[in-house]
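Undergrad: So the protein sequences, as listed, match chains A and B.
Under my numbering, the first residue of the first sequence is numbered 1, with each subsequent residue one higher.
Under my numbering, the first residue of the second sequence is numbered 1, with each subsequent residue one higher.
Because the hints were derived from the structure by calculation, they are not lab data.
Just to be clear, a hint being listed does not mean it is correct.
Distance condition first, Cα-Cα at most 27 Å in a straight line; then the derived BS3-like pairs of lysine-lysine [claimed, not checked]:
#	chain 1	residue 1	chain 2	residue 2
1	B	K135	A	K429
2	B	K154	A	K15
3	B	K139	B	K152
4	B	K154	B	K191
5	A	K429	B	K90
6	B	K191	B	K207
7	A	K15	B	K139
8	A	K169	A	K142
9	A	K431	B	K73
10	B	K32	A	K431
11	B	K152	B	K135
12	B	K207	B	K136
13	B	K148	B	K207
14	B	K207	B	K225
15	A	K431	B	K90
16	A	K15	A	K429
17	B	K207	B	K44
18	B	K152	B	K191
19	B	K139	B	K191
20	A	K15	B	K152
21	B	K152	A	K18
22	A	K429	B	K32
23	B	K131	A	K15
24	B	K201	B	K139
25	B	K201	B	K136
26	B	K191	A	K18
27	B	K201	B	K225
28	B	K25	A	K429
29	B	K32	A	K15
30	A	K431	B	K191
31	B	K135	A	K15
32	B	K131	A	K18
33	B	K25	B	K154
Ranges between beta-carbon positions, derived for each pair [claimed, not checked]:
#	chain 1	residue 1	chain 2	residue 2	range
34	A	L23	B	A156	55 to 61 Å
35	B	F231	A	Q4	46 to 52 Å
36	A	G299	B	D91	40 to 46 Å
37	A	L19	B	K73	48 to 54 Å
These stretches of chain B come out as covered by chain A in the derived footprint (C-beta under 8 Å, 3 or more residues) [stated by the list, open to error]:
#	stretch
38	65-72
39	93-99
40	125-135
Note that the coordinates shown come from a computational prediction; the quantities given were computed from them, not determined experimentally.
Backbone N, C-alpha and C define an ideal beta-carbon position, used for all residues, glycine too.
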Amino acid sequence: MRTQDVFGYSFSAIKLRKLRAGLTTLGVVIGIAAIVALLSITQGLQNTITIQLETGLATDTLIVSPGGGAFGGGQHGGDFGGGALGGAASGFRLLVNDTLTINGLSTDILTSIAVIQRSGYINSTEHERVTTIVGVDFAEYKNIYSTTFVSESGEIPDNPENNTIIIGKRVNERQNGTVLFTAGEDVQILWANATARPPQNESYATHVTAVLQEVGGFAFGGPSDSNIYIPISTAQEFFNTSECEIIIVKLANSDQATIDAVVKKIVDEFAGEVSAISSTAVLNILGSVFSIIELFLVGIAAISLLVAGIGIMNIMIVSLIERTREIGILKALGMKSRTVLAIFLGESVIIGVIGAVIGIALGWVLANIVATVLSSGAITVGTGGGAGASGGLLSITPVLTPLVFLGAFGFGVGVSVIFALYPAWRASKLKPVEALRYE
Amino acid sequence: MEIPKQIRNKIVAFMAPIVEAVNLKKTYMLGKIPVEALRGVNLKVESGDFLAVLGPSGSGKSTLLNLIGALDKPTAGTLLIDSFDVSTLKDNQLSDLRRRVGFVFQFFNLIPRFTAIDNVGLSLSIAGMGKAERKKRAKELLETVGLKDRMKHKPAELSGGQQQRVAIARALANNPRFLLMDEPTGNIDSKTAREIINLVKGLNEEKGVTIIMVTHDQHLAREAKRIVQIFDGVITSDIVNGEPT
Ligand SMILES: Nc1ncnc2c1ncn2[C@@H]1O[C@H](COP(=O)(O)OP(=O)(O)OP(=O)(O)O)[C@@H](O)[C@H]1O
Ligand SMILES: [Mg+2]
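Next comes chain A alone, as it looks inside the complex (with noise of 0.2 Å):
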C-alpha cells in the first residue's frame, strides 16, 4: 500500500470521530503550548536580566560583603536596614575605611567605594514615598558607573554638600507617570533606627540635586531606580555607624584571572569573614538558576503531555476495539500486518503534528500575552534582595529558538506516536478470522 493512501486511510479513520479526535488533539495541544510558553517566557526572562544586569554593572567591579562563602547570605545589603544589626555571625563587621586596605591589596584595584544602605522614607510637603536610602561617594560611583549613575534633571556633584540627594527615577515618578519630586526641591528624609533604646524615627531635611536617568530594572552593586543617594559622610553620621553593607571594587581589568587573584587576596586579607563576587559570577549563578527553574516548570508542562499522551493511547485502545472487525476486512483483503500498525501510527502522527501546530502557536500567543502583561505594569515583579536592587518592571520579550520550536514538534509527535505503538502493534497482531467473528 502506498504511503499516502495509508494516511489517507488513517485520515479517514479520525474524520469519523471528529469530537473524540478533536479532544484528544486538545491533550497534545495543552502539553506543547504549556511547554513552548514556560519556555519562551522564561528564556525571554533571563534575556532581559541578564542584558539588565550587564549594562547595569561593568564586569571589571567586585562586590565585597561580610559573611564567608560563596555569594553568602544575602548580604549585599538586599536585606534591608538589617545592614546595621546585621554582618555575620561572628561579629565581623565590614568598615567604610576598609576600603583603604583593599587599595592597597593590588595593583589591579583601581579604586573601592563603600556602600551603606537602609530602608527609609523620602517626604516632601505633599508626598511621602519608601525607598532605600544609599551612601556613596559620588564621584566615585559615577566613575564606576559612569553609563547608569546618570541625571536626567539637575547635576551629580563630585563635592556636595551634606544636605544633597539625588533620587532614582522610579522614586520620583508614579507608574501612571505623576512626578513627584524636582531637582532643587526641599525634602526630609527619614528611617527608623531599631538600634536605638527604644527604636525611634530618625530624620534630616536636605534638597533634590539630581534626579537619575531610568536604569531600568535592577543592577548588582550599581545605581537602581528605587534608591536614593546621599554623601557617604553624611550617611555615617545619619546612621550613625562606621560600618557598610558593601565595598565595590573596580579593577584595571575585567580578565577572569585578575578577577580570582584579587578575590583571594580580599578574602584572605579578611581571613574569609567576607565574599567577593564578580558581576559575572552572578551571571553564571542566575544563569544556572534560571537553568534549573526552567528546568522545572518544563518538567511540569511535560508531564502534562505525558497525560495527554495516556490520553492517546486510551482512545486508540477504544478504537482499536471498536475497528476489530474493520481490521478483519482489511486482513482479509491481503493488508500486511505493518501496514495495519502503519494505519494506526498514521493516526497518532496526525494527531500529534495538528497537535503540536497549534500547541506551539497557542503557547506563542500566550507566551506573548503574559510578556505583555508583565510589561504594561499590571503585575509588578519584585527582583528585590540579593542584588542589592529593588523591583522593577520587567519588560519581557519571549524567545521562541529553532531549538525550542523543533524540540516541541518533536516531543509533541513522539509522545503521540509512542503511546499509540502498543495499541497500533494489538491492531496488526489481530487474526483476520477471529477479527471478523468479533461483533
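Given chain A, put chain B with the ligands in place with the hints provided.
TA: Quick look at chain B with the ligands alone, frame taken from chain A:
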C-alpha cells in the same frame, strides 16, 4: 479471438489444481476442549470450476473456506493454494496470498464510511495501485456487477443485494485466482439471491472465474457445476455435472 468453451475447459484440466487439500484437519480449542471442525478433507479444485459446498450448520463449511482463503491455518494435513503450501507460509506471505483470493462474506463486510467506489478501491489500494488507476478500475468493476449508478453510495444507502454486488466487485478487483463466497445470499431475499447467483454464474461462464460457494440452499447449489456435501467435518459426496466422482 474467443476460445470455444469446451476447448478452454480442456486446457484448464491440464493445469495444476488451484486448490488441493489432502487430509485437511482443523481443530479449535474451546478452552481445553478440542472441537474438530474438519476431520480429514480431501478436495481438488481446478481453474474454471464452479463449486457449491452444501452441508448442515456446524459441519465445517466456513472453516474450510477460511482455510482456502488463507485467513486461517490448518491444524494438520496439507493445503496447496496456487501451489503454495499454506502451512509453511509466513504472515506476510499469507497476506500476499489473500490478495489473489476474492472473498465474499455473508455479512458483506464493507467499510461503512466508504462509498461503493472506495470500498472496491480499497482492495486495489492494498495491492498498491495508484489513485487514478484505482478509480477507473473500480468503476469498471461496479459496472460489471450492475451498479453503474450507485458508485457514490455508502453501504447504508444500498440494499442488501447491492451491497453484496459491491462486495463481489471488491473481491474481483485484483483478478483473483478464485472467488470464495460464504453464504453470499444468506442475508438477501430469494429474488435478489437469484440475481446474485446469475451474476456469479455469468462471471464463471463468461470470464472463467473459478468459484467456491458455500450455501445451504439446494436450489441455488444446483446452478453450480459441482456440488460438494460436507457432514461433520468430512466430505461425503462430490457430484460434477450431476455425476458422482
Ligand atoms: N473459533 C472457534 N472456536 C471454537 N470452535 C469453533 C470456532 N469456529 C468454529 N468452531 C466450531 O467448528 C465447527 C464448524 O464451524 P463452521 O463455522 O465451519 O460451521 P459452518 O458449516 O460454517 O456452519 P454454518 O452453516 O452455521 O455457518 C462448529 O462446531 C463450530 O462450533
Ligand atoms: Mg458458516
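Undergrad: All hints are to be evaluated individually against the structure, with a verdict given for each.
TA: Taking the hints in turn, this is what the structure says about them:
Only pairs whose Cα atoms come within 27 Å are accepted, and B:K135 paired with A:K429 is rejected, the gap being roughly 30 Å. Under the criterion of a C-alpha separation no larger than 27 Å, the hint pairing B:K154 with A:K15 is consistent with the structure, at around 16 Å. Of the pairs offered as hints, the one joining B:K139 and B:K152 holds, with about 10 Å between alpha carbons and a cut-off of 27 Å not exceeded. Pair hint B:K154 plus B:K191 holds up; C-alpha atoms about 23 Å apart against a cutoff of 27 Å.
A distance of roughly 13 Å separates the Cα atoms of A:K429 and B:K90; the hinted pair therefore holds under the 27 Å criterion. Note on B:K191 and B:K207: the hinted pairing holds, with a Cα-Cα distance of about 24 Å set against a maximum of 27 Å. Only pairs whose Cα atoms come within 27 Å are accepted, and A:K15 paired with B:K139 is accepted, the gap being roughly 25 Å. As the CA atoms of A:K169 and A:K142 are separated by approximately 16 Å, the hinted pair is consistent with the 27 Å bound.
Distance restraint check for A:K431 and B:K73: the Cα-Cα separation of roughly 11 Å lies within the 27 Å cut-off, and the hinted pair is therefore satisfied. At most 27 Å may separate the alpha-carbon atoms for a hinted pair to count; B:K32 and A:K431 meet this at roughly 20 Å. With a CA separation close to 12 Å, the supplied pair B:K152 and B:K135 stays within the 27 Å bound. Note on B:K207 and B:K136: the hinted pairing holds, with a Cα-Cα distance of about 19 Å set against a maximum of 27 Å.
Of the supplied pair hints, the one linking B:K148 and B:K207 holds, its CA atoms being roughly 19 Å apart against a limit of 27 Å. Distance hint between B:K207 and B:K225 is fulfilled; the C-alpha atoms sit about 15 Å from each other, no more than 27 Å. Taken as a hint, the A:K431 and B:K90 pair is honoured in the structure, with Cα atoms around 13 Å apart against an allowance of 27 Å. Between the alpha carbons of A:K15 and A:K429 the distance comes to roughly 24 Å, so the proposed pair stays at or under 27 Å and holds.
For the given pair, B:K207 sits about 21 Å from B:K44 by alpha-carbon distance, which is consistent with the 27 Å threshold. Restraint check for B:K152 and B:K191: the C-alpha separation of about 25 Å stays at or below 27 Å, so the hint holds. Distance restraint check for B:K139 and B:K191: the Cα-Cα separation of roughly 25 Å lies within the 27 Å cut-off, and the hinted pair is therefore satisfied. For the hint linking A:K15 to B:K152, the alpha-carbon distance of about 18 Å falls within 27 Å, and the restraint holds.
Under the criterion of a C-alpha separation no larger than 27 Å, the hint pairing B:K152 with A:K18 is consistent with the structure, at around 22 Å. At most 27 Å may separate the alpha-carbon atoms for a hinted pair to count; A:K429 and B:K32 meet this at roughly 23 Å. The hinted pair formed by B:K131 and A:K15 meets the criterion: a straight-line CA distance of about 20 Å does not exceed 27 Å. In summary, the hint linking B:K201 to B:K139 is supported, as the alpha carbons are separated by about 21 Å, within the 27 Å threshold.
A C-alpha spacing of about 25 Å is found between B:K201 and B:K136, which places the hinted pair at or below 27 Å, so the restraint holds. Taking the CA atoms of B:K191 and A:K18, the gap is about 40 Å. The hint is violated against a cut of 27 Å. For the given pair, B:K201 sits about 10 Å from B:K225 by alpha-carbon distance, which is consistent with the 27 Å threshold. A hinted pair counts as satisfied when its Cα atoms are at most 27 Å apart, and B:K25 with A:K429 qualifies at roughly 24 Å.
Simply put, B:K32 and A:K15 have alpha-carbon atoms about 43 Å apart, too far for the 27 Å limit, and the pair is violated. A C-alpha spacing of about 35 Å is found between A:K431 and B:K191, which places the hinted pair above 27 Å, so the restraint is violated. A C-alpha spacing of about 22 Å is found between B:K135 and A:K15, which places the hinted pair at or below 27 Å, so the restraint holds. A distance of roughly 25 Å separates the Cα atoms of B:K131 and A:K18; the hinted pair therefore holds under the 27 Å criterion.
Of the pairs offered as hints, the one joining B:K25 and B:K154 is violated, with about 39 Å between alpha carbons and a cut-off of 27 Å exceeded. Between A:L23 and B:A156 the CB atoms are about 26 Å apart, so this pair departs from the stated range of 55 to 61 Å. Distance hint check: the CB atoms of B:F231 and A:Q4 are about 50 Å apart, consistent with the given range 46 to 52 Å. A hinted range of 40 to 46 Å for the beta carbons of A:G299 and B:D91 is consistent with their spacing of about 42 Å.
The supplied range of 48 to 54 Å is broken by A:L19 and B:K73, whose beta-carbon atoms lie about 41 Å from each other. Restraint check on the stretch 65-72 of chain B versus chain A: 4 residues with Cβ-Cβ distances below 8 Å, three needed, restraint holds. For a cut-off of 8 Å, the count of residues in the stretch 93-99 of chain B with a CB near a CB of chain A stands at 5, and the three-residue condition holds. With 6 residues having a Cβ less than 8 Å from any Cβ of chain A, the stretch 125-135 of chain B passes the three-residue criterion, so the hint holds.
Violated hints, in rising order: 1, 26, 29, 30, 33, 34 and 37; the structure is consistent with all others.
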